[in-house]
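Visitor: Below are the chains, spelled out letter by letter.
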Amino acid sequence: MNAITFTGVSKSYGDVRAVETLDLEIAAGQAVALLGPNGAGKSTSINMLLGLARPTAGTVAVFGQSPDAAVRAGWVGAMPQDGALVPGLTVREIVEFVRGLYPEPMPLDEVLSLANLTPLAKRRVDRLSGGQAQRVKFAIAVAGAPRLLVLDEPTAAMDVESRRSFWASMRAYAAGGRTILFATHYLEEADENADRVIVISRGRVVADGTAQEIKSATGGRTVRFTIGDQPTAGLDTLPGVTGIEVRAGSVRLRTTDPDATVRALYASGVEVRDLEVKGADLEEAFLSLTGDN
Amino acid sequence: MLRYLALEIRRTYRDRRFVFFAVAIPVGFYLLWSNIFAKNDVDAGTGLDAKTYLLVSMAAYGALGASLTTTGARLAAERRSGWLRQLQVTPLRPWAVITAKMLASMCLALPSVILVGLVAVVVQGVHLSPGEWAGLIGVIWIGSLPFAALGTLIGSLVGPDAAQPLTVACYVLLALLGGMWMSVSILPKTMRTIAHWTPSNRFVELGWSVVAGHVPPASDALVLAGWTVVLGALAIAAYRRATVRS
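Protein chains in written order, with the working numbering: chain A, 673 to 965; chain B, 976 to 1221.
Simulated from the structure, these hints should not be mistaken for laboratory data.
You may find that some hints are simply not true.
[Claimed, not checked] So these bits of chain B aren't anywhere near chain A, every CB distance computed over 10 Å:
no.: 1; residue: 978
no.: 2; residue: 1017
no.: 3; residue: 1058
no.: 4; residue: 1061
no.: 5; residue: 1064
no.: 6; residue: 1066
no.: 7; residue: 1082
no.: 8; residue: 1090
no.: 9; residue: 1101
no.: 10; residue: 1140
no.: 11; residue: 1147
no.: 12; residue: 1190
no.: 13; residue: 1204
[As the list claims (entries may be wrong)] Only some residues are given here: those of chain A computed to face chain B with a beta carbon under 10 Å:
no.: 14; residue: 722
no.: 15; residue: 723
no.: 16; residue: 748
no.: 17; residue: 757
no.: 18; residue: 758
no.: 19; residue: 813
no.: 20; residue: 844
no.: 21; residue: 846
no.: 22; residue: 847
no.: 23; residue: 849
no.: 24; residue: 947
no.: 25; residue: 949
no.: 26; residue: 951
Here a beta-carbon is modelled for each residue, glycine too, at the ideal position from N, C-alpha and C.
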């Protein structure tokens, strides 16, 4: 059975269409990234998945049930983007409380150590830094040992170090065969932590596959070099070239066949300096997919 | 739901503002006023001496403060901050959250009656029979419900910035019209009529009747019940609207 199924789901707020027709199937046990720029419809989709928003049309199913039923059954744990902790409680108390709401929670010590909170267990949650509070929210999300873990931009407000340890915790949780869906606009997070990346833009899915597939499906490689003030005409017709960008005497060619491009480049008589060939990173793939350039 | 009830109560005790409004102020006022008024003054309406009369007034006043401050501004802040949203993605249902909140708020009205009562006994030598104590505590506990509902209504309707002053305004107005600070008989006639229909006045009247050894008049209980039903229904409707899944 699929962990998540979106069938013809759309969502409008008044005249604004936040999500266009969305059809999506996520198998149980996958770690999936929902990648897209701000305003792409990530949070709206996640809110519909959690039962916090109702689709205007279509249906959302979580393990074959409605989102409400799945949440009530304790199958879902989540870090909603606008979730918050309540003041006046210690880390341990709040985690213990949430554990108690689920039918088969994870042992308390395990939750605390997974979220790197053991030394902070007795600290009041209103006295935590932003990154620490974010870890408590993660602990709350996993405390019930849910089959589906949903994280909406979990590393916002975290510094680099906390981000690294956060993803290590997330992968440790995923290793137990659980299904994970996380939204992010950090490409490297999707690249490093997801088995599958779904790119959405303006409320639609624009790409769906492994990070590798998405990279190779779009843009291929980049050839960069310095050209100075020589003419750039004709560079865009070199073999394999799919795009060109000239900026301050520096050229960037996007190509599907870098060998052929470079060979033809040297044969063309242009004086080339500082040549560099790079695999397209997800950033470029992402920009070309979301069509912002 | 019981877990959430326990959680609410536990974290409220750590809130200094709560302890101040709901416990320190009524106890302080009791000590102040019971010393100002001659100890053997007898209230014409209830037949109670000042120290006993004030015990009920201040216990009720503390209960009113506790049930309003633990709901109103606090609920508004939790709505804004996202804690309620966080709870919505756990198996805990919204109706359980609101029920636990109201129950917690009623339970949190109890320390004021117990502490004011203790001070009244120890410092002023007030004597009530066990039955009267039980009756007073019971009346204060159940009678706090309409105020818990009012606080929930405020907290569900407006944001945290507006909820705080609005709660305090309701608190002061209800205490004043309820006759908790001074007898409503000194108010002008129109005000007196309004005061007569407020839930706070009926609340404290019930308390006075109980400690005076009377069977409380059914009209007091009925008016209070009426307020409870109306405010409760409004609170539930407002809370549902505030947590609606759009």
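Visitor: Give a verdict on every hint.
Guide: So, going through the hints one by one against the coordinates:
For residue 978 (chain B), the non-interface assignment is contradicted: its Cβ lies about 5 Å from the closest Cβ of chain A, within the 10 Å cut-off. With a least beta-carbon separation of about 44 Å from chain A, residue 1017 (chain B) lies farther than 10 Å from that chain, consistent with its non-interface assignment. Separation of residue 1058 (chain B) from chain A is inadequate, the least Cβ-Cβ distance of about 4 Å not exceeding the 10 Å criterion. Taking the minimum C-beta to C-beta distance to chain A, about 4 Å, the non-interface status of residue 1061 (chain B) is violated against the 10 Å cut.
The claim that residue 1064 (chain B) lies off the interface is violated: its Cβ sits roughly 4 Å from the closest Cβ of chain A, which falls inside the 10 Å cut-off. The Cβ of residue 1066 (chain B) sits about 5 Å from the closest Cβ of chain A, inside the 10 Å cut-off, so the non-interface label is violated. Distance to chain A confirms residue 1082 (chain B) as a non-interface residue, since its nearest Cβ pair spans about 16 Å, more than 10 Å. Interface exclusion of residue 1090 (chain B) from chain A stands, the closest Cβ pair being 21 Å apart, more than 10 Å.
Distance check on residue 1101 (chain B): its Cβ is at least 34 Å (rounded) from any Cβ of chain A, clearing the 10 Å threshold; non-interface status holds. Listed as outside the interface, residue 1140 (chain B) is consistent with that label: its C-beta sits roughly 20 Å from the nearest C-beta of chain A, beyond the 10 Å cut-off. Listed as a non-interface residue, residue 1147 (chain B) keeps its Cβ farther than 10 Å from every Cβ of chain A; the least gap is roughly 25 Å. With 10 Å as the threshold on Cβ separation, the claim that residue 1190 (chain B) sits away from chain A holds: the shortest Cβ distance comes to roughly 41 Å.
Every Cβ of chain A is farther than 10 Å from the Cβ of residue 1204 (chain B); the closest lies at roughly 29 Å, confirming the non-interface assignment. Annotation: residue 722 (chain A) was flagged as interfacial toward chain B, and the flag holds, the nearest CB pair being 5 Å apart, inside 10 Å. At its closest, the beta carbon of residue 723 (chain A) sits 6 Å from a beta carbon of chain B; the interface hint therefore holds under the 10 Å criterion. At a threshold of 10 Å, the smallest CB-CB gap from residue 748 (chain A) to chain B is about 7 Å, leaving the interface hint in force.
The beta carbon of residue 757 (chain A) comes within 7 Å of a beta carbon in chain B, closer than 10 Å, and the hint placing it at the interface holds. Of the supplied interface hints, the one on residue 758 (chain A) holds, with its beta-carbon coming within about 4 Å of a beta-carbon of chain B, less than 10 Å. Taking 10 Å as the C-beta contact cut-off toward chain B, the hint placing residue 813 (chain A) at the interface holds, the least distance being around 8 Å. Annotation: interface hint on residue 844 (chain A) violated; nearest CB of chain B at approximately 21 Å, more than 10 Å.
Taking 10 Å as the C-beta contact cut-off toward chain B, the hint placing residue 846 (chain A) at the interface is violated, the least distance being around 19 Å. For residue 847 (chain A), the shortest C-beta to C-beta distance to chain B is roughly 23 Å, which exceeds 10 Å, and the interface hint is violated. Because the beta carbon of residue 849 (chain A) sits about 21 Å from the nearest beta carbon in chain B, more than 10 Å, this interface hint is broken. A distance limit of 10 Å between C-beta atoms decides the matter here; for residue 947 (chain A) the minimum to chain B is near 51 Å, and the interface restraint is violated.
For the restraint placing residue 949 (chain A) at the interface with chain B, the shortest Cβ-Cβ distance is roughly 46 Å, beyond the 10 Å limit, so the hint is violated. With a least beta-carbon distance of about 39 Å to chain B, the hint placing residue 951 (chain A) at the interface is violated under the 10 Å criterion.
Checked against the numbered hints above, the structure breaks hints 1, 3, 4, 5, 6, 20, 21, 22, 23, 24, 25, 26 and satisfies the rest.
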